[in-house]
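Could you build the full structure based on these sequences and the hints that come with them?
Protein chains: 2
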Amino acid sequence: MNPDVLQWFIPIAGLLAVAFAILLARNVLSKDTGTKEMMDVSSTINEGAVAFIKRQYLTIGGLALAGSVVIFVIISLLENASVADTSHTGMDIGLRTGGAFLIGAACSMACGIIGMLVSVKANVRVASAARRSLVEAVQVAMRGGAVSGFLVVSLSLLGVWSIFAINGGLAGGDSTKDAPFLIVGYGFGASFVALFAQLGGGIYTKAADVGSDLVGKVEAGIPEDDPRNPAVIADLVGDNVGDCAGRGADLFESTAAENIGAMILGVGVYGLAVKAGWPNPTAWIFFPLVVRAFGLVSTIVAMFFIRGKETENPMNILNRGYWVTTILSALSLVLVTNVMMNTNGANLGDNNIPTWIYFFGCGVVGLATSIAFVYITQYYTAGTFRPVKEIAEASKTGPATNIISGMSVGFETTAVTAITIGIALLASNWLGAHSGLGSVGGVFGTAVATMGMLMTTAYVLAMDTFGPITDNAGGIAEFSRAEAGARDITDRLDAVGNTTKALTKGYAIASASLAAFLLFSAYIDKVNLILGRQIEAGTRTAAQGLMTSVNLADVDVFVAALIAAMLVYFFSSLAIRAVGTTAQAIIVEVRRQFREIPGIMEYKARPDYARVVDITTRAALREMIAPGVVAVGTPIVVGLLLGYQAVAGLLMVGTIAGVLLATVLNNGGGAWDNAKKYIESGHLTDADGNVLGKKTPAHAAAVVGDTVGDPFKDTAGPSLHVLVKLLATITLVMAPLFIR
Amino acid sequence: MNPDVLQWFIPIAGLLAVAFAILLARNVLSKDTGTKEMMDVSSTINEGAVAFIKRQYLTIGGLALAGSVVIFVIISLLENASVADTSHTGMDIGLRTGGAFLIGAACSMACGIIGMLVSVKANVRVASAARRSLVEAVQVAMRGGAVSGFLVVSLSLLGVWSIFAINGGLAGGDSTKDAPFLIVGYGFGASFVALFAQLGGGIYTKAADVGSDLVGKVEAGIPEDDPRNPAVIADLVGDNVGDCAGRGADLFESTAAENIGAMILGVGVYGLAVKAGWPNPTAWIFFPLVVRAFGLVSTIVAMFFIRGKETENPMNILNRGYWVTTILSALSLVLVTNVMMNTNGANLGDNNIPTWIYFFGCGVVGLATSIAFVYITQYYTAGTFRPVKEIAEASKTGPATNIISGMSVGFETTAVTAITIGIALLASNWLGAHSGLGSVGGVFGTAVATMGMLMTTAYVLAMDTFGPITDNAGGIAEFSRAEAGARDITDRLDAVGNTTKALTKGYAIASASLAAFLLFSAYIDKVNLILGRQIEAGTRTAAQGLMTSVNLADVDVFVAALIAAMLVYFFSSLAIRAVGTTAQAIIVEVRRQFREIPGIMEYKARPDYARVVDITTRAALREMIAPGVVAVGTPIVVGLLLGYQAVAGLLMVGTIAGVLLATVLNNGGGAWDNAKKYIESGHLTDADGNVLGKKTPAHAAAVVGDTVGDPFKDTAGPSLHVLVKLLATITLVMAPLFIR
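Residue numbers (the numbering used here), protein chains in the order written: chain A, 19 to 758; chain B, 19 to 758.
Hints are supplied without guarantee of correctness; some may be wrong.
For identical chains, the list gives no copy identity; a pair is met inside one copy or between any two copies.
[Said to hold, decoys possible] Listed below are the simulated BS3-like cross-link pairs for lysine-lysine, each with C-alpha atoms no more than 25 Å apart in a straight line:
1) Lys713 with Lys235
2) Lys713 with Lys414
3) Lys712 with Lys407
Note that these hints are calculated values from the structure, not bench results.
Take a look at the structure:
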């Protein structure tokens, strides 16, 4: 088969996925919207969500616009002929990079907005469907989630492809070779938006959660999601803006940035292929895009397998689709690697095995890593295994031992995470290194593994968005006092949703860490292109040489690494504190309403939900600025002070530290959450076999752990994923700034 | 002056300090031992402490013996002529290294035992003195602490010097040059013992603390330190075995290992000095030992300045001595650098400033870093500043917000810590690099800074041991129902003791991170010596070359770095969990005694204190094995699998990750502790200005935070210091194992 056929499959699959997303959205919207009470709550949630998203994206849009101007100016001034990594220089490259940044930012924002709008519409329809059938409710929720999933992945694919085309990527030859370097701005734009979307959404959702609980449950003694609590709508809105829009932006940028990184590495193989006279040198550059196109199609097929029995565990229904996606992805990998990595028999890897088979192996390593993380996360956060039980047991002796035990579990989760990532990196690197591509093979192997892992992104993201949709559906059922059967079903779906949300975080972390290695390499490639030009131009002596290593024994690199490891703690500290500050603002307002609006407690007066939403919105957006600035500013300052090699150290150690701290925060938080649920479902007993359920001291202790875990797992943890990738894209774009 | 004079000052100062320690001990023992009740408790504590120490050091001694045999075998087999870094090979070097290991282990154990015995004797005398005079109580406590301080530092100095002498270090020439490499086993032995001493002591002290609180205060409703609680003696014993013996072992190994590392770097300068014909080449190797000798003498002088007024804040009295030590150390640095770094005017640094002045600057950087950490720790853990107040405020809304706020403060403390360490490293490296020593200058500069910092160790350690002594004195006063005036004074001293304990941890971390850099360099030097010999011997080609960098972009190094960052979390998880498991054993036993021994609650029957002490001892010693094995095993496994360059990556990133996580745990725990004290002293008020003190929900919330912080700051955090240094010494000794 001619690789050109597969290359044209990129836009086709992208458009197909968009069309499919539209179909799914129409299907979801065609479902009935339930009782009048349900519609009422739903429209109030919708209102609040739209208000937040509008103001948030106006703020982020403004920041992105300012960012693009700054980038344009810096790049235009810096990347003159003696520094540029391609033939484009000065204003030309400045415009290209700034423009790519803006387009990346815009696509990311579009995904967040559309996905969230659909999921807000889906939740009431899930609540309504739950009155009739479990399977129908699962399908509506999953289709609503899949709208996000498909949009995020297809827009990222189409975006990268279009901007690649605009920059001459389809022209072949040197033009194709240069194009990947011209589009890094796109990834930076996406991560810039993702940072603020995740921070703002994460702060909003957890501040509303913590604030409404503290002032409602604790102070006023009314139940969770009770309509008398003025903060309850803000809490329901929060699920949508945090989990849904935030994680969408997170994975949008993963797929974009990692794709671009992989294409840059493809350029290295392209050079090799041209020299060796292999049939399709540019195919190595297109490969990452083609792989993702096939991932999208596999996911479309998988959507038709989301069916099952009413009595079945809903998790099984979702798992069925995941396995279909995985298996189809693996099969299509055979086709893609065979066609695109054709060396015409001119080149063989070790033991005379063809090159493409080694890389097929790398892709499988990526898919396997994804599966491993799904099960690791389940082990650490689901109530059926040792860790959650241990925390529940510790709750018997009070909140202190609950917290100690949860921290200990959170710390412990790093072990198997790090070992799995380590094995995946070593294995894919080994396969690549023995594929017959020489020194570039190893790193390219890790790139292929990352691409393999990302094939299932659309499906994973659909499962993730399933979480907030069912969570909200449960809230709506509770709030509108729906019949018990419906609430039973939404409760079951909500529990599954908690698991899928946790899985996605594990997936996001694993992909970030696999990708890290290829983004480092892209950075080093870019720096060396620039250094090479400077040596040619005579502004740098040959003796000064290229960047051949990131030497930790160099004091500048070591200090940068120290700063990087500190950055992830400091950034998390700011994010966690922001939740506290914002929650405080909510508490003050709710207390005021209880005091000044008589009759709320007797259901006689309606609380002013909108005002709480508004206050939360403003506080969350204000509080996201400080951590955002720290994240963007630190790599630039370190780069200016300590130079390009130190930045590489910052990038690498920052990735390691960020991935592990995020693991601690996400899994610790998830385990606390489910330890509480474990006790609530009556699984904990005392020495005499009596059940210790709700309203016991053990349950109260578990609630403390759950509350502590909230900002860990839903604000700081997910924001760290984005931080890690932002470090990579920012250094890639700003590299010329760090070279003196 | 002839440097030989200063060299002979090493054993003289060491012996002087030992003599002074004996004098201090006699002085303390000559004080009266208070009332009969006081003597009773004291002797019970003494009994328990001796029982624990005996069993603990028997276990550790056994482990050390086994360790030395393993080392002897491995080194004898590996370091044959083609691999060895000196002219000693095979059994010869195996015996030297294994022997040095045993001596290091023995010295460390001796320090721990003697220091703890004296401090156990001192506490009752402090309690008795507190009935008369604050200043006298401070003096007795500080002298008791200083026995530990002087013994630890002087034994480490004499130990290093003697073993250096045994290995031909005093013979001059090549013999002196080789000796530093032969004594690394001493540092390894010291860190091996320190690891288990800190782990065992840390688990014991916090398990007893948490266990006795949970079963006494929470379940039975009796006050802290109440004689009816069967676990109370175990709790009092814990202060001595954890804070006192543990931290002593920690700093013993800091001074030993960092000294040896600095001497190895001195060998590099020695080579330079011989070539350039400077007057005293070996002085560069002796320099680290001489600096410490002067630090000891400065501390002896400072002991005479520990005096003040009865009405004074006791912290001021201690600070007076600290400043005297620091100033005298700075002055003696002028002398030592001037005499020992004499280049006969043949060599000048940049701007024609003599070399020694640059290194004097490095020493001052070290002293300044020590001062900076004293104030940083105070800011984050003392009640007069924002962080502790913030946690106290957050306690108003319950334990969850207290924990969230404390974690956020803990994370935040990494920022100023990392920046301070970064500045110290960059500054001392810059000074060294411009001193005219060429490429070795920079690293040697960081070594001199470390040595400068360690000059005050004896004093800092005396202040640290002051903590558990006064803590115990308070417990004895409470337990023996001493008059109120005495308890007032012991309470004031106890508060100061909390601060000094926190300071020491900051100091230990800072010195570990400064030292890390020089230990890395020592490792690289050692590897290169071996590689060089292999190239000479023809077992390695010249093309394979020496180790010129620790390249993070290499996948093996990156994976090792990931494992290292994970190790610090996993190790902490094990340590924290061990506290929980041990506390559980205590709770079960205390419940049994309450049930089976009638009359305890009515003061009619005496609880079986000894049994609780015994159970705690056995559980703590059992639980220290798993984290200990993980700590020792991980670097060896990684080295065997991934090689010597990867181990360097493990060492460096492990140091960064360990230092920062220890900072989080130590300072977070300290801040929680003092937030509770802040509330107890009545500083927290509600919106209407009413004091929220003991027995309020805010106080209960703060108690939760304090309990959570206990295993963080007293078990996991301090054990991480030791882990970081163990990584350095183990890789230094085992280097030949990792070279293939």
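Hints, one by one, checked against the model:
1. In the homo-oligomer, the alpha carbons of Lys713 and Lys235 lie at most 25 Å apart both inside one protomer (12 Å) and across protomers (22 Å), since each shortest distance falls under that limit.
2. Taking the shortest alpha-carbon separations for Lys713 and Lys414, both the intra-copy value of 13 Å and the inter-copy value of 21 Å come in at or below 25 Å.
3. For the homomeric pair Lys712 and Lys407, the shortest alpha-carbon distance inside one copy (16 Å) is at most 25 Å, but the shortest distance between copies (33 Å) is not.
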